[in-house]
Amino acid sequence: MMSVPEELYYTAEHEWLAISDSTARVGITDYAQRALGDVVYVSAPAPGSRVTAGDPCGEVESTKSVSDIYCPADGEVTEVNPEVDEDPGLVNSDPYGAGWLFKIRLDSEDQVPPGLLSAAEYSALIQEEE
Amino acid sequence: MPDPQPAAPRRTPLAQVHEGLGATMTDFAGWQMPLRYRSEIAEHNAVRTAAGLFDLSHMGELAVTGKDAAAALDYALVSEISAIRPGRAKYTMISDADGGVIDDLIVYRLADEDFLVVANAANAATVAAELTERAAGRAAVVEDRTDEYALIAIQGPSSAGILATLTETDLPSLKYYASYQATVAGRDVLLARTGYTGEDGFEIFAAPDDAPALWAALTEAGQDAGLVPAGLAARDSLRLEAGMPLYGNELSRQTTPYEAGLGRVVKLDKASDFVGKAALANVAEKAPARVLAGLVGQTRRVPRHGYTVLWEGKPSGTVTSGAHSPTLGKPIAMAYLDADAAAGADLTDGALAIDIRGSAEPAALIKLPFYRRQERS
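If you read the protein sequences in the order shown, they are chains G and Z.
Residue numbers 1 to 130, in my numbering, belong to the letters of the first sequence in order.
Residue numbers 1 to 377, in my numbering, belong to the letters of the second sequence in order.
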């Protein structure tokens with residue numbers, strides 16, 4: 001079945017966030033990678049760039065389609081995963097681990113940014129979409 | 001009146017097998033088909049290096065039989081069908097009166113008066129109706145037999161070796177674009193050496209009830225050789241690398257065979273008249289205004305169907321098919337280019353680009369195909 005780790009936060013656009021102190025690691029969910037098929041290229045926002053929640057800030061290209069990445073929170077990009085640039089298939093093989101896409105220093109600092117879904121809420125959402 | 005409910009997609013005789021394998025299914029041309037089983041790139045690579053197993057039971061099978069069957073097909077299609085020897089097959093097209101392509105087809109001559117025309121699923125009913133109309137008044141009968149056939153393809157360099165364990169038919173003597181009546185895994189089939197992947201391979205026309213047993217036998221026979229089931233996603237990237245056209249992308253009623261680089265299939269000088277002859281003869285005399293070209297992206301962004309091709313910054317063509325090529329590791333595309341752009345653009349001069357969602361991504365023009373298999377020595 002579809003993996004939705006308990007400890008992460010989610011968006012309705014199928015991104016996940018692992019929040020630790022004031023930094024969020026961001027990726028796309030298992031559900032998203034399955035729907036996309038094999039990922040062949042990821043365009044992530046450049047380190048140092050400002051991002052705004054809800055705005056498109058990158059793209060995931062799969063064999064059959066291209067999808068926008070929507071930024072899940074306000075903040076500044078601090079790091080992009082160089083391994084995914086080398087091997088985009090990591091997004092498929094390990095979406096919550098080695099396939100993470102980028103990190104954001106959150107404007108909300110140590111507060112969880114508004115508008116995110118819990119694992120239970122996200123699970124309910126993808127069950128509706130099935 | 002309310003709109004009628006859209007018909008539920010048709011299921012092939014292998015639908016349960018695909019579901020059991022955990023395939024991602026997709027609606028394609030009115031059929032529920034496997035898009036991929038696990039990774040479409042792994043499926044693609046398996047076909048290039050070992051073998052892949054495909055369910056193509058959605059394809060249309062139209063039987064044309066009778067004393068005048070050959071003559072009827074000479075009139076109905078652009079090639080000289082009467083020149084095909086029994087046991088051989090030919091890639092051809094059915095054209096409308098204006099020279100536009102109604103469908104691309106493979107015609108198998110099974111016997112002197114017995115032909116099997118294989119049409120794309122989306123066009124099968126249209127082709128059947130056109131053939132019936134074009135055969136009117138001749139001693140030829142056109143029947144849509146799609147429901148009487150399952151079609152399984154085994155494609156890739158290991159396919160002959162795998163198949164040899166399941167049949168006594170002499171496979172080395174079965175030439176490309178030839179077919180035999182054969183027994184495979186104890187089932188009577190029509191076995192053809194044809195395909196749509198750019199690799200050696202076979203297409204097996206079988207009774208629907210025999211399809212699950214044949215699939216299972218092929219799967220088992222191919223296990224040690226690396227055979228995997230492969231879906232429509234891999235089939236599309238394989239045919240694109242091989243430079244093969246897909247109806248609806250490279251071919252349509254708005255394109256002629258000449259624009260698609262397939263003028264060789266049109267036999268203007270055959271003895272018989274044929275539908276579209278006058279229009280096609282007219283087109284053949286002139287240099288086409290646009291030509292089908294191959295493009296290799298120089299960045300990692302992937303061109304998609306419908307994107308605009310730029311030559312020296314000006315819109316000069318349209319992408320018909322685009323994908324990441326697993327074999328080349330680069331984005332590839334087929335596109336219709338204005339003839340002056342195709343002639344003026346040097347192979348790597350940097351004048352060509354593809355507008356990928358607002359950004360001009362440089363592309364190099366190459367001679368199709370993108371991939372050609374090593375000939376067997």
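Watch out, some of these pointers could steer you wrong.
[Said to hold, decoys possible] Between beta-carbon pairs, the in silico distance windows are:
1. Z/Ala360 with G/Thr52: 44 to 52 Å
2. G/Ala120 with Z/Gly22: 19 to 27 Å
3. Z/Glu19 with G/Pro47: 40 to 48 Å
4. G/Ser108 with Z/Thr26: 20 to 28 Å
5. Z/Ala216 with G/Asp87: 30 to 38 Å
6. Z/Ala8 with G/Ala120: 28 to 36 Å
FYI, nobody ran anything at the bench for these hints, they're computed from the structure.
Backbone N, C-alpha and C define an ideal beta-carbon position, used for all residues, glycine too.
Structure-based check of each hint:
no., hint, verdict
1, Z/Ala360 with G/Thr52: 44 to 52 Å, "26 Å, violated"
2, G/Ala120 with Z/Gly22: 19 to 27 Å, "26 Å, holds"
3, Z/Glu19 with G/Pro47: 40 to 48 Å, "44 Å, holds"
4, G/Ser108 with Z/Thr26: 20 to 28 Å, "40 Å, violated"
5, Z/Ala216 with G/Asp87: 30 to 38 Å, "35 Å, holds"
6, Z/Ala8 with G/Ala120: 28 to 36 Å, "34 Å, holds"
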